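The listed protein sequences correspond, in order, to chains A and B. Quick note: the first sequence uses this note's numbering, first residue 429, plus one each step. Quick note: the second sequence uses this note's numbering, first residue -4, plus one each step.
Some clues are possibly wrong.
Stated by the list, open to error - 25 Å max Cα-Cα, derived BS3-like pairs, lysine-lysine:
1) B:K289 to B:K122
2) B:K289 to B:K352
3) B:K372 to B:K482
4) B:K122 to A:K526
5) B:K352 to B:K150
6) B:K289 to B:K474
7) B:K122 to A:K553
8) A:K526 to B:K482
9) B:K508 to B:K473
Treat the hints as calculated values from the structure; they're not laboratory data. Keep in mind the model is a prediction, meaning the values are calculated, not measured.
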Amino acid sequence: MSEVALAHRPTASAAGCADAPILRERGQREVFCGLTGIIWLHRKIQDAFFLIVGSRTCAHLMQSAAGVMIFAEPRFATAIIEDRDLAGLADANDELDKVVARLIERRPDIRLLFLVGSCPSEVIKLDLGRAAQRLDRRFAPGVRVLNYSGSGIETTFTQGEDACLAALVPQLPAADGTPSLLVVGTLADVVEDQLRRILIELGIERLAFLPPRRAGALPPVGPATRFLLAQPFLAETARLLETRGAARLPAPFPLGAEGTLAWLRAAADAFAVDPRRFEAVTELPFERARRAVARWRPELAGRSIFFFPDSQLEVPLARVLARELGMDPLEVGTPYLHRAHLAAELDLLPKSTRLSEGQDVDRQLDRCRAARPDIVVCGLGLANPLEAEGLTTKWSIELVFTPIQGFEQAGDLAELFARPLRRRARLAV
Amino acid sequence: MQLTVWTYEGPPHVGAMRIATAMEGVHYVLHAPQGDTYADLLFTMIERRDRRPPVTYTTFQARDLGGDTAELFKTATREAYARFRPEAILVGASCTAELIQDDPGGLARALDLPVPVIPLELPSYQKKENWGAAETFYQIVRAMAGPTSPPPGSKRPARGPGVRPSCNLLGPTALGFRHRDDVEELRRLLERLGVEVRVVAPLGATPADLARLGEADFNVVMYPEIAATTARWLERSFSQPYTRTVPIGVGATRDFVEEVARLAGLEPAAAVATAGSRLPWYSRSVDSTYLTGKRVFVFGDATHAIAAARVAAEELAFTVVGLGSYSRELAREVREAAARYGVEALITDDYLAVEAKVAELQPELVLGTQMERHIAKRLGIPCAVISAPVHVQDFPARYSPQMGVEGANVLFDTLVHPLMMGLEEHLLGMFREDFEFHDGAAPSHLGTHASLPSVPAAAPPPAAATLSWAQDAEQELKKIPFFVRGKARRNTERFAAERGLARITVETLYDAKAHFGR
Ligand code: SF4
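Modelling step: build the complete structure from the supplied sequences, incorporating the hints.
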């Protein structure tokens, strides 16, 4: 299996930086914890509920990070650990059972409940795995109860989705021996539908997405399953899928015209799609994506860009900006660099790009100020202070909450980077 | 364990951040995991601050737990001092670090830094944001002003001849609800009274400024949630009296001016001080008649809820049908205020309990926080925001205080704006069946995009299962404006139940109307 996969690995370009040294830092990390993934996961899986077992801090994080994005009652909540729960653990379990019972009564529409661990629940060693099993038995068959940790001592931002999907993998039904394709990682519904259409046109009809939109529609997995990662932050999910016999198709991520084409080609090759058919199906959307991206090239070419670590999307994004828009990535910071999953991406990055993993935010700010990039991609805590210093910024979180994958979104992705520059140029105050 | 969807207050270390961020020359080293850095965005995004909060997080990870998180804390503190050179350092733990018990205070002291190190003990599993802010302010004031306090029992020296009376303004913080503008408004007011403002703290103060707090004649406590503890300590240590009135609304501003005059030894000049307020005339002008007796529900922090209730009742002639607060520390004050309006105070930090109360009372206007704005929107009730927790909209670009003369003007506008204008309301009542007057129609001056959601408040089930509505009575009920319909339904059902009527007819409806009045 792995031989097949290796055969289709995109060839490394001479300019690539797959083996470039990485600056590893272990200072203050200015990033969200994995709980934050709930903000999109709870909208994606429409009958799932996420109950964080944590502190007031966790509840406050969710509400502050979700902010204005909540228009309906959210399908997440926090069971806030209080002083009396800390007094004795048996008590904490009873309390949790009561909270869950009240919740399920209030929300009879829930089919899948995730107990989500936090730093406090991890530190006091509250066994949420056992609690989930107990509650799963109690509420079966109406409600399934699973658990994962989104704690900040173990997960960074998008790793929360990895932990959530990893918790789903053992629950996936076994697939029969027919070859099938699984696309892994949350995508906006519109992007998912577009990619599904193309893959079906290519003839890959045994096709499923993880996470599914409904908890009852878990896709099957088995040795005949090939999977494509739609997101770069799914290390543990990929590992567990492999233990179930599935094989990962190495590919760049479906960002930009070129990335989307290569990602689709990985699937087409694995499923022995006739190259002419591949050409026929992808030619139009690929050209359309190229034109959409090219519109922004004059504004972005030659501009320098600096990434602070955030979602692990940094490397693929830098690749799109460098190759399709002619930008100059000075530093690409990422919370965690998964060499194997990013191999195809790293090959495509310019050699001059500095890669950094982890963070020491004050030192990174020093480097950023010294580099004076044309655009800084950073989190919400840093953006306004850097703007006030005269730098132009792009909020990284917007890249997680906007449909940017696939051919039809390639132009939107480019526009997201052009907008702050255009805005700065227009303002006369 | 408490099931929470939304919270009114953050954890206590966020309160500490509000103090540190408000001040100059202070740095806060917080033993906390990486995710807790989200708190920075409260200040940089919601308040649009142009600088990062002066906070260093240790961001320890699981792999550090077995090893030496204490060493990590020491390194972070040492480096933060070297980089930021603050005049004073605050150290403390967030909820997770509290559990690993590294003793940040002891660790930081062992570093022998050349500036005061102030340890903060903020119990995350008991207390909340405002308490954390109050405690932090108190600890830092005690650390900076303590050394300058006179021996216990000493009398305050009399003010020298020709020296103007002076005060400090205590309580405004970063991320406070209109704190920035309230400070400005009080400065103007006190200036007119001839009282000098010495130190404003914590907003804009340095540790050195805090050391001078004892010099002023008295303290003005702007927000008791944050400044009361500190003011009491200053009174004990410096024999410095402090104000009890929060000057929000015309009446409270007059009371405040009298209190200040007494503390400053000046002639009361309340009339002078509140001259120029437009609220009294706007409220007396005939077009405001329609405001009379509007049923209003008030919820917020104690300071703003109590003040808004008084303005609503005394200055706009609304009827306060509910008053509550999430500030447990000031529950007694809220209960006293509620008693004045003949209602029982709702003291809770459970958003669902507040929602249930609003649904039960069916007020015509809600004065609350951003959370009540959500509740009111869902129930189709107009709402104005009068209190934290804050939202980016609560930091308007224009000058918009809550306190003093201009504050009262702002409140008039804020409280009246969401309501229908008088004649518009009458027309709506007269021609219920006009197709454009559907229940979701918003006041016309709010524009179409502001139209209320068409989900009507869920009709409460009949009081008794035996009670039923005749179809024509149900039709007639629909002709009553939607904002009082819930109330009319409940009154009618109560009326019928009390008289043992099983079926509600049009007659019953009007009998009940006559019985209960409006
Ligand atoms: S970092 Fe830990 S304590 Fe903080 S919000 Fe995330 S899970 Fe909760």
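Non-conforming hints, listed in increasing numerical order: 1, 5, 8
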